[in-house]
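Here's the letter readout for the chains.
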Amino acid sequence: MKEFSQIISYSLPILYMVVIYIYYLIFTEKTKTLANKTTPILLFLVVCHLIEIITRSIAIDSMPLSTTHDAYAFIAFSITLVYLISEIGIKSRGAGIFILSFALILELLSSYNMSWEPETNPLLVDKTFAIHASLSIMGYTALSLAAIYALLYILQNNNLKKRNLGNLFMQLPALNYLERMSSRSVLTGIILLGIGILLGHYQAHVMIGEFWPKDIKVIVSDVVWLLYVVGFVFTSIKKWRGEKMAYLSFYGFLILIVGGGIIIYMSNSFHKFN
Amino acid sequence: MRDQIPLRVIGISHNTAPVEVREKVALSEDEQMIAIKHITGNTDADGCILLSTCNRTEIYVSGPNVNTTIDQIAPWLNELKNCVEYTDRNITYQIHGSEAAEHFCKVIAGMDSLILGEQQITGQVKDSYDMTHGLKGTDALINKLFNFGMQAKKKVHNETFLSDGTVSVSFAGVELARKIFSDLSDKKILLIGAGKTAELAAYHFQENGVKHINVANRTMENATELAKKLHGKAYQLDNLARVLEETDIVISATSSETYVVTADIIRPISKMRHHRPLFLIDLAIPRDIDPEIEKIDGVFLYNLDDLQDIVKSNLEKRKKEIPKAMKIIQEYVDEFQQWVSMNSMNNVVGMLKSKLDVLRMNELERLKSKLPQNGYKSEIENLTESIINKVVRQHVKSLKKVAHDPEQYRQQVEMILRIYELDSEN
Chain A
1105 MKEFSQIISY
1115 SLPILYMVVI
1125 YIYYLIFTEK
1135 TKTLANKTTP
1145 ILLFLVVCHL
1155 IEIITRSIAI
1165 DSMPLSTTHD
1175 AYAFIAFSIT
1185 LVYLISEIGI
1195 KSRGAGIFIL
1205 SFALILELLS
1215 SYNMSWEPET
1225 NPLLVDKTFA
1235 IHASLSIMGY
1245 TALSLAAIYA
1255 LLYILQNNNL
1265 KKRNLGNLFM
1275 QLPALNYLER
1285 MSSRSVLTGI
1295 ILLGIGILLG
1305 HYQAHVMIGE
1315 FWPKDIKVIV
1325 SDVVWLLYVV
1335 GFVFTSIKKW
1345 RGEKMAYLSF
1355 YGFLILIVGG
1365 GIIIYMSNSF
1375 HKFN
Chain U
8 MRDQIPLRVI
18 GISHNTAPVE
28 VREKVALSED
38 EQMIAIKHIT
48 GNTDADGCIL
58 LSTCNRTEIY
68 VSGPNVNTTI
78 DQIAPWLNEL
88 KNCVEYTDRN
98 ITYQIHGSEA
108 AEHFCKVIAG
118 MDSLILGEQQ
128 ITGQVKDSYD
138 MTHGLKGTDA
148 LINKLFNFGM
158 QAKKKVHNET
168 FLSDGTVSVS
178 FAGVELARKI
188 FSDLSDKKIL
198 LIGAGKTAEL
208 AAYHFQENGV
218 KHINVANRTM
228 ENATELAKKL
238 HGKAYQLDNL
248 ARVLEETDIV
258 ISATSSETYV
268 VTADIIRPIS
278 KMRHHRPLFL
288 IDLAIPRDID
298 PEIEKIDGVF
308 LYNLDDLQDI
318 VKSNLEKRKK
328 EIPKAMKIIQ
338 EYVDEFQQWV
348 SMNSMNNVVG
358 MLKSKLDVLR
368 MNELERLKSK
378 LPQNGYKSEI
388 ENLTESIINK
398 VVRQHVKSLK
408 KVAHDPEQYR
418 QQVEMILRIY
428 ELDSEN
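Just so you know, the protein sequences line up as chains A and U, in that order. Just remember that our numbering sits 1104 ahead of the position in the first sequence, which is counted from 1. Just remember that our numbering sits 7 ahead of the position in the second sequence, which is counted from 1.
Don't read these hints as lab results, they were simulated from the structure. Treat each hint with caution, since some may be false.
Okay, the calculated bits of chain U under chain A, using three or more residues with CB under 8 Å as the criterion [as the list claims (entries may be wrong)]:
1. 118-131
2. 183-189
3. 242-255
4. 260-274
5. 282-290
Cβ coordinates follow ideal geometry from the N, Cα and C atoms, glycine included.
Generate coordinates for the entire structure from the input sequences, incorporating the hints supplied.
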């Protein structure tokens, strides 16, 4: 099982690249034939990724969310899955190349750095952890998507303003759709991440007797979540929208990712509570 | 395998004749019915299909003597339409064989249309075919041609960008609006000006799902009249700022010499609208809308030149797709040609089999009296039948061998017809 899981893990980025290449061909209008076939292709990719997650879980005998790399892989999977659902809904494939490229970066970070040793930390095999980690990751996925949609909004707005009505303009969805998707994703991210963080605190309280453990990741996550909540409430009251909101959403996420990424890389496993 | 298709087309189109001639020779539905009955009833044609639109009138005929058939049809059409154009070689064109099949595919795919890649023609060809088929005016060849044409069109549409992107200025406005709002059904449009240009643009948006269209004009009477037609409200131009607050799309087409919509009007409105997108289309010359407003967040302004640039670039894009579309059409023409060849081979083989069967039966009849009673009758019948089948199979084999070479194939068929004296009898 371990070998099989490893083969899938290492081939997954290649599969992502093939799918992205197909989206590139569609985006640059080099093919029209493939444009109607992306949904089954993407579905195949999602199924392969799901198999990888399941087989890895069996191979390491624990939930595959216990390491940073697993978390990246799970975010990549969630992004691809959410994109697949939205593509079926709006029948527009223009955003695919951007969203899947982002998923590929996460998948690359994940696939070639994975540890195949079974998890021994009792904190990470706890069931509450599984829910906490899943919700947190889904929250991050939603926030990632919000940032991607915001970036696409900025691009499309720029196209319309500067009359760049080429391939990029034609392939991207309508402005109001991108705006709606971005703000909905932010709200979804805030809710999921909020519940995930709360469960994390509860788990810490049960396991180590501290509701607010002095862990830098916990502190950063709390601060980032709080900033998102404040930002969301503020912009909703002020009725901010359009370009201004897109920039805020995109740069807000960049700060989160850069900050969060640096901190995650500074530690070896997800939560080492000293 | 080329030029074995017994098909010919005579036509007058936008490529060969101006609109005055085209409307003169165009056939009404009743005239088309009369013509179909005449062509299939009084000429050598086995089948036909008539296509008469504002841009072309074409008559496709099939049958063994298509060349002479066309010569019979053209003067008759002159008589029917009381004109001389059908026999005027300067404005009519005649195409035959595989080139006629290729032309049909190009027409059905919109490649021979006035606006390259337009889709309307497919429906018109289908209607013409249905009418002819209903009057029993089509034969196997025309039926097959129509099938191949439709398949070629579908593939061209699915695999090339020949029909993509708008090529009309008013539709370019609608497409841009869709790229901002996606769904237009709940969007509010304000027409500034109550002239023909504004009215036509409004109808275009209405056709594409817009329900709320209001009109603002200097003369209230004209605004009211147009608003009534569009089921909207009329406003004085003085109330522009108030109306714009609730508007998503503005179409301006007045004859004003100065800007009707300025940045000073839009700036405070945009703030009040919380930068909700506002799309403005300036169709007026001189322009009605101050280009300064483009700098405002959430405001998108396009003028007539911008829309024409979109149309031009889309047309260029369509032109680039022609080689790809032609390749697809060629595939279908080749397939059609093969079908025709197979069909003609089946006819020759059928004739040969019948001829040999007649010979066999005659010989058996003669032999019958010489055979002893109850002796070998069925065995001899089986034996002769088997010999004939083997001979026929041998000819089929040799025809298939040269099927890739049209000249050799033709010679082979002629040889069979000559040896067995089939052509004189059929």
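Going down the list of hints, with the structure as the test:
no., hint, result
1, 118-131, "violated (count 0)"
2, 183-189, "holds (count 6)"
3, 242-255, "violated (count 0)"
4, 260-274, "violated (count 0)"
5, 282-290, "holds (count 3)"
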